[in-house]
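Trainee: Each chain, letter by letter, is given below.
There are 2 protein chains.
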Amino acid sequence: MAETIVIAQGGGPTAVINQTLVGAVLEARRRFKGVKVLGSIHGVRGIRDNNYVDLSDIPEEQLLRIAGTPSAALGSTRDKPDAAYCEVVLKGLKEKGADAFIYIGGNDTAGTQGILSDAAAGSIAFVHAPKTIDNDLCENDHTPGFISAAEFVAGAFLSVDLDFRALPGIYVGIVMGRHAGFLTAASAAWRIDEESGPHLIYAPERAFTRDRFIDDVQRTLDRHKRCIVAVSEGVSAEDGRSLVETLTPADRLERDAHGNVKLSGGELGMAFERMLAEGLPGKRARVDTLGYMPRGNIATISKVDAREAFEAGAFAVEAVDHGGGSVALTYDGSQTINKIVPLSHVAAKTRHMPDDFLDAHENRLSEKGLAYFQRLVPEKFAVGKPFV
Amino acid sequence: MAETIVIAQGGGPTAVINQTLVGAVLEARRRFKGVKVLGSIHGVRGIRDNNYVDLSDIPEEQLLRIAGTPSAALGSTRDKPDAAYCEVVLKGLKEKGADAFIYIGGNDTAGTQGILSDAAAGSIAFVHAPKTIDNDLCENDHTPGFISAAEFVAGAFLSVDLDFRALPGIYVGIVMGRHAGFLTAASAAWRIDEESGPHLIYAPERAFTRDRFIDDVQRTLDRHKRCIVAVSEGVSAEDGRSLVETLTPADRLERDAHGNVKLSGGELGMAFERMLAEGLPGKRARVDTLGYMPRGNIATISKVDAREAFEAGAFAVEAVDHGGGSVALTYDGSQTINKIVPLSHVAAKTRHMPDDFLDAHENRLSEKGLAYFQRLVPEKFAVGKPFV
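First to last, the sequence lines map onto chains A and B. In this text, residue positions in the first sequence follow the numbering used here: the first is -11, and each later residue adds one. In this text, residue positions in the second sequence follow the numbering used here: the first is -11, and each later residue adds one.
Just chain A, same shape as in the assembly (with noise of 0.2 Å):
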């Protein structure tokens, strides 16, 4: 029986977080009568300055319609609590009688949450429901907001490939993932047929290199005429950095309170630009930046993704019953389900795409991550194949 429970957003928001909030605030307000479901405004940064929202009467309706929109209702941030701000945190809690804080990120969020619950020792039930676009939480066969980004992504894809059809050429197009490549190999999930792009896949797992590269994209216009490339923003050199951190001048370097690079797709996009001019003078060569696109945007909601966000913010008020941990989805061979697994388990990992996901010799997509990407992100599109 929980009285009062303080729910936060943070990490950057996706096109269904908002899902998972009112799922919690919902079924809290279901399973306990009565009880206080306070909104921490911008993550734990609510909590240190008494910053709430009180969402304990809003109408059910008008909270549907949050879960409907994309972004962090509640506001987000990307505070990395250290021992003397998770104090504070932990006394506005107590000052608030919270009987449970559900905290929905990533695995940045879920590293606050193991901090606060380690030093509350017990007194308050600290819970962790998955986010991320990432889909880089251990524990998880996938996470909420992946499918929805993954959505925009694949479509973007399987456009710009039909636009290069028409004009040939070779498109770069970079996608977020700063340690993982699910986002961008979900690029090639709705390929038409075997002509089709995404041709070349880049993932952080994999170094990258310039020489590598060239050759590829060669190869496939002596293929296809045409040459379609998906790149993440977080791809590593070979000497194990981001491509972006080698390629920046030290002093240009921006990094969050996570010690994390900002992973500019500017600065990789005229790379490839600079790679591709040199490498492969005279070609038309275009690059973007999808960037912010694919992960909050209101075209590419996944319904699955909206309901299995919004059951795994129920899920998290059930884990308050189970003293805390971190919500994880996993799959049984044939549906989704929503574990409790130790918030150790999720805190401050990363899963990363697995190598065989892509082949062996190529950057292309393999059977076992096509079949992978193709369950969570089935066709949507009846696509007529063009005359070119």
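In short, the hints are calculated from the structure, not lab data. Since the model is a prediction, treat every value here as computed from it, not as a measurement. Among the hints, erroneous ones may be present.
[Stated by the list, open to error] List time: in silico DSBU-like cross-link candidates among lysine-lysine, alpha-carbon distance up to 30 Å:
no.: 1; chain 1: B; residue 1: Lys373; chain 2: A; residue 2: Lys84
no.: 2; chain 1: A; residue 1: Lys291; chain 2: B; residue 2: Lys368
no.: 3; chain 1: B; residue 1: Lys373; chain 2: A; residue 2: Lys291
no.: 4; chain 1: B; residue 1: Lys84; chain 2: A; residue 2: Lys213
no.: 5; chain 1: A; residue 1: Lys84; chain 2: A; residue 2: Lys68
no.: 6; chain 1: B; residue 1: Lys213; chain 2: A; residue 2: Lys250
no.: 7; chain 1: A; residue 1: Lys213; chain 2: B; residue 2: Lys250
no.: 8; chain 1: A; residue 1: Lys250; chain 2: B; residue 2: Lys271
no.: 9; chain 1: A; residue 1: Lys68; chain 2: B; residue 2: Lys271
no.: 10; chain 1: B; residue 1: Lys373; chain 2: A; residue 2: Lys337
no.: 11; chain 1: A; residue 1: Lys271; chain 2: B; residue 2: Lys337
no.: 12; chain 1: A; residue 1: Lys84; chain 2: B; residue 2: Lys213
no.: 13; chain 1: B; residue 1: Lys373; chain 2: B; residue 2: Lys356
no.: 14; chain 1: B; residue 1: Lys373; chain 2: A; residue 2: Lys68
no.: 15; chain 1: B; residue 1: Lys68; chain 2: B; residue 2: Lys79
no.: 16; chain 1: A; residue 1: Lys373; chain 2: A; residue 2: Lys356
no.: 17; chain 1: A; residue 1: Lys373; chain 2: B; residue 2: Lys68
no.: 18; chain 1: A; residue 1: Lys356; chain 2: A; residue 2: Lys327
no.: 19; chain 1: A; residue 1: Lys213; chain 2: B; residue 2: Lys79
no.: 20; chain 1: A; residue 1: Lys271; chain 2: B; residue 2: Lys68
no.: 21; chain 1: A; residue 1: Lys68; chain 2: A; residue 2: Lys327
no.: 22; chain 1: B; residue 1: Lys213; chain 2: B; residue 2: Lys373
no.: 23; chain 1: A; residue 1: Lys373; chain 2: B; residue 2: Lys84
no.: 24; chain 1: B; residue 1: Lys373; chain 2: B; residue 2: Lys337
no.: 25; chain 1: A; residue 1: Lys356; chain 2: A; residue 2: Lys368
no.: 26; chain 1: B; residue 1: Lys21; chain 2: A; residue 2: Lys373
no.: 27; chain 1: B; residue 1: Lys291; chain 2: A; residue 2: Lys373
no.: 28; chain 1: B; residue 1: Lys337; chain 2: B; residue 2: Lys356
no.: 29; chain 1: B; residue 1: Lys373; chain 2: A; residue 2: Lys21
no.: 30; chain 1: B; residue 1: Lys291; chain 2: A; residue 2: Lys368
Got chain A; can you put chain B on it based on the hints?
Mentor: Same frame as chain A, now just chain B:
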């Protein structure tokens, strides 16, 4: 009565250019029993190279599937025929016994039809069917392809604005548009309230200055804590050239057959990153190049756009009986009406966005501009108001 009609697609593909193709093919088959309809592959290039696909007997079902698929199914070209090329094309059309040539495209394509029509002196009907995401054809209220692209842009900026409510900062999205700012300005069509972005719009029709830009952004941040900016690729410098042209060393400028400079969103994006880093140091700023995302996106095909594009194709066949001309989409105050106008009224001319679509003293959409875009791209999503 036409016995043989040649049809082709030119310029940048759109989400609905195949609707126009299929609308024309089906209407030609209906109107002229037994007609031969030849699709020229890659625009006039197919006529030059005798490279056609016979569309006379392809099942309607297959054609309708192609109609619903983005990008030019016949392939496209940016070739701009000179006198010698025109002679070869005319010879090719005559060899096929063509009574008419329907060419679907923008103002460059209309220009090609004008040149061919003048050279042919009446023996063949030359029809231009409109398409362009730029919405910049004279005599047209709007053009097939624009509405779908505008829906993408409106949805993308609505979504990014929600994202930046959650995690404040400055966002710059760079949108296609060489000489006309319609597509960039459509970014504001779905603003949910007075607080909403895009807050600033920079179109090719108004000279851009760095100082004014930094002032605009600072003032917006003071008001709203975030600043969402939409910039046309073709935004112009004070000297009338495109900003990209003034920023790029002459030896790196790339031009097409029409003499158009390649508008690299990447160069422009990096220029904006530098301006913001220098003018507003320490502020979180992100720049994306939407590039090819909006123009043929399979996820945002507008039903109205698809229908109008189909009807423009069918109307182009009617224009054959009138000896040729350019199909124009006009508006009578309540609906879109197709008309035939002389090729010379459209050929190689640009319709600019009216200056009063932007406020006189601010780079914001005016009431008049908003009314135009809301008519063409009515609100599509029920957005729940965030708490931040």
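Trainee: Take the hints in turn and mark each one as holding or not.
Mentor: Structure-based check of each hint:
For the proposed pair Lys373 of chain B and Lys84 of chain A, the alpha carbon gap of about 26 Å is at most 30 Å, so the pair holds. Distance check on the hinted pair: Lys291 of chain A and Lys368 of chain B sit about 17 Å apart at the alpha-carbon level, within 30 Å; holds. Taking the CA atoms of Lys373 of chain B and Lys291 of chain A, the gap is about 20 Å. The hint holds against a cut of 30 Å. Of the pairs offered as hints, the one joining Lys84 of chain B and Lys213 of chain A holds, with about 28 Å between alpha carbons and a cut-off of 30 Å not exceeded.
Our distance criterion of 30 Å between C-alpha atoms is met by Lys84 of chain A and Lys68 of chain A, whose separation comes to about 22 Å. Between Lys213 of chain B and Lys250 of chain A the CA atoms are separated by roughly 21 Å; this keeps the pair inside 30 Å, and the hint holds. Between the alpha carbons of Lys213 of chain A and Lys250 of chain B the distance comes to roughly 21 Å, so the proposed pair stays at or under 30 Å and holds. As the CA atoms of Lys250 of chain A and Lys271 of chain B are separated by approximately 13 Å, the hinted pair is consistent with the 30 Å bound.
In summary, the hint linking Lys68 of chain A to Lys271 of chain B is supported, as the alpha carbons are separated by about 19 Å, within the 30 Å threshold. Between Lys373 of chain B and Lys337 of chain A the alpha-carbon distance is near 33 Å, which puts this suggested pair outside the 30 Å criterion. This hinted pair checks out: Lys271 of chain A and Lys337 of chain B have alpha carbons roughly 29 Å apart, not beyond 30 Å. Using a Cα cut-off of 30 Å, the hinted pair Lys84 of chain A and Lys213 of chain B holds, with the two alpha carbons roughly 28 Å apart.
About 25 Å separates the Cα atoms of Lys373 of chain B and Lys356 of chain B, which keeps this hinted pair within 30 Å; it holds. Distance check on the hinted pair: Lys373 of chain B and Lys68 of chain A sit about 27 Å apart at the alpha-carbon level, within 30 Å; holds. Between Lys68 of chain B and Lys79 of chain B the CA atoms are separated by roughly 17 Å; this keeps the pair inside 30 Å, and the hint holds. With a CA separation close to 25 Å, the supplied pair Lys373 of chain A and Lys356 of chain A stays within the 30 Å bound.
For the given pair, Lys373 of chain A sits about 27 Å from Lys68 of chain B by alpha-carbon distance, which is consistent with the 30 Å threshold. With a C-alpha separation of about 25 Å, the suggested pairing of Lys356 of chain A with Lys327 of chain A holds against the 30 Å cut-off. Simply put, Lys213 of chain A and Lys79 of chain B have alpha-carbon atoms about 28 Å apart, close enough for the 30 Å limit, and the pair holds. A threshold of 30 Å between alpha carbons decides the hint, and for Lys271 of chain A with Lys68 of chain B the separation of about 19 Å falls inside it, so the pair holds.
Distance restraint check for Lys68 of chain A and Lys327 of chain A: the Cα-Cα separation of roughly 26 Å lies within the 30 Å cut-off, and the hinted pair is therefore satisfied. At roughly 17 Å between alpha-carbon atoms, Lys213 of chain B and Lys373 of chain B fall within 30 Å of each other, so this suggested pair holds. Proposed proximity of Lys373 of chain A and Lys84 of chain B is supported: the alpha carbons are some 26 Å apart, at most 30 Å. A distance of roughly 43 Å separates the Cα atoms of Lys373 of chain B and Lys337 of chain B; the hinted pair therefore is violated under the 30 Å criterion.
Pair hint Lys356 of chain A plus Lys368 of chain A holds up; C-alpha atoms about 20 Å apart against a cutoff of 30 Å. Proximity of Lys21 of chain B to Lys373 of chain A is assessed by CA-CA distance (about 26 Å); at most 30 Å being required, the pair is judged to hold. At roughly 20 Å between alpha-carbon atoms, Lys291 of chain B and Lys373 of chain A fall within 30 Å of each other, so this suggested pair holds. Straight-line distance between C-alpha atoms of Lys337 of chain B and Lys356 of chain B comes to about 24 Å, which keeps the hinted pair within the 30 Å bound.
Restraint check for Lys373 of chain B and Lys21 of chain A: satisfied, since their Cα atoms lie roughly 26 Å apart, inside the 30 Å limit. This hinted pair checks out: Lys291 of chain B and Lys368 of chain A have alpha carbons roughly 17 Å apart, not beyond 30 Å.
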